[in-house]
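There are 4 protein chains.
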Amino acid sequence: MQIGVIGASTCSDEIGKLAFQVGREIAKAQAILICGGLGGVMEAACRGAKEVGGLTIGILPGARQEDANPFVDIKIITGLSYARNIIVVRSSCAVIAISGGYGTLSEIAYALNLGVPVIGLNTWELKSQNHKELPIIRVDTPWEAVKKAVEACMK
Amino acid sequence: MQIGVIGASTCSDEIGKLAFQVGREIAKAQAILICGGLGGVMEAACRGAKEVGGLTIGILPGARQEDANPFVDIKIITGLSYARNIIVVRSSCAVIAISGGYGTLSEIAYALNLGVPVIGLNTWELKSQNHKELPIIRVDTPWEAVKKAVEACMK
Amino acid sequence: MQIGVIGASTCSDEIGKLAFQVGREIAKAQAILICGGLGGVMEAACRGAKEVGGLTIGILPGARQEDANPFVDIKIITGLSYARNIIVVRSSCAVIAISGGYGTLSEIAYALNLGVPVIGLNTWELKSQNHKELPIIRVDTPWEAVKKAVEACMK
Amino acid sequence: MQIGVIGASTCSDEIGKLAFQVGREIAKAQAILICGGLGGVMEAACRGAKEVGGLTIGILPGARQEDANPFVDIKIITGLSYARNIIVVRSSCAVIAISGGYGTLSEIAYALNLGVPVIGLNTWELKSQNHKELPIIRVDTPWEAVKKAVEACMK
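Chains as they are written, first to last, in the working numbering: chain A, 87 to 241; chain B, 87 to 241; chain C, 87 to 241; chain D, 87 to 241.
Next comes chain A alone, as it looks inside the complex (with noise of 0.2 Å):
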């Protein structure tokens, strides 16, 4: 079961706080994190879930390994740039989202266009033209997020 953390290259210590509790939880729930491999969101993420001795794996927008935050233990080179966001959310059963800024909006917007179940922790508000709401389960703790990410992945 492999589940997406997607969100910012930075953040502030209270967003930083929420990742590190996903991470420690999709490892505890025997769950390989998947995330873009930088900083903030993505690195405080990796540092959970390598606290309980999970796996995590960085899908790096750059080409060099040294981009990657010390908490990531697979490191996929694709040097494609942003055009890898599409990558952790296609690798992923389920996706969490939190906080986040546009990159971060592009892959909740690639994860509903394919299917991807994405658990919203904090972050954007989306209506459709017609002012109808999106498929976004939202949540209100790091351990509902996983919890749920868990649930979408098993269906």
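No false leads were slipped in.
Identical copies go unnamed one by one, so any copy, or any two together, can satisfy a pair.
As a list, the in silico EDC-like pairs of lysine to aspartate or glutamate whose alpha-carbon atoms are at most 20 Å apart:
#1 K114 x D159
#2 K241 x E152
#3 K136 x D159
#4 K234 x E219
#5 K103 x E230
#6 K136 x D99
#7 K136 x E152
#8 K234 x E211
To be clear, the hints were calculated from the coordinates, so they are not data collected in a lab.
We have chain A; now place chains B, C and D onto it with these hints.
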């Protein structure tokens, strides 16, 4: 000047008419129309551009040039599936989003991320997690959309 | 008809002259020249095409349109680094390989893999592990190269 | 240490045996095996690695995780078709080419271009246009192949 048109591969007649007018105005402004090369909004826009002698480029997701709508002059065959979305955005000095689904949303996100101006015609409503509106230039008519796009490209 | 020209981004004067003539002949055959958009063989070919009023397309590896040589009309900005090589091949009905380095070799391999005819002008010698020559159409002059490419495209 | 194995998605029994031994030796060297995730050489190598408890990664060209051979642990779903070849190469500190077709040739070319050491086991014969042999490290056995790959990775 390469102006992007982004929107869904199927659309209502009403949206198709808007896209047709956008394509027409792009060609009349002597700009090149760039899009994803498929049906719906993309086809209507290309048809509009060709009616007044414009040049159209389709960045196709699949591996077959037959996938292009009949109004595409230059067919760029990527074989990259939806990862081609970012190429449409990067190759445009501004993008006009017309209505649109999740694919369009991913393109809007990429454009905002890369600093490519986004003109919105009846498109997504988006707010960040702190309730801020996104910097999409909202317009009401195809004429205004192309005028704003040309202005953005000339900056 | 979109004919690809593949070759290195730096080249000798002698190879540059061949590329220039190839570009010229492509334009005279009313075909569109497609290439990687950078210097060397690509620039010389584009310059040849523009001298006789042809249309040129550059599929750029980087994120900046300034990377294009000055003879590229249409700039496709991929940001995909060398992964853009396959787009040059897929978008061509035949490719003309002029001398070339490892990047050109990757494009020849992709073309043979995808069934895109390869015309070779002073290019790689390749034998499979069982010593069979590869199906590259070897020619000695730019005129012959474009003649063979046009023939292949019309099949 | 991530070592790449490149080769065709169908192969003879004899080549399959070589690939199996290569996979086994990679795992015994405590390295992670990375490959394109499909059948033939890739499957045989993954099977060899799993037999001795190794970890295997498949960088899949398509959009479905079912395309992976049954011995792939971590499935990276790219949806990029053959453009994924460069990701296999970039993510490896050395690649072992076993026999192989045109896809393998594109990967050898990318590796030489990017400076990733290539170990060749019964693979392509390549000469540049000036008749120089390419810098492929030729070996005769799976043991020697993995030994050379490990050495290259440790430099």
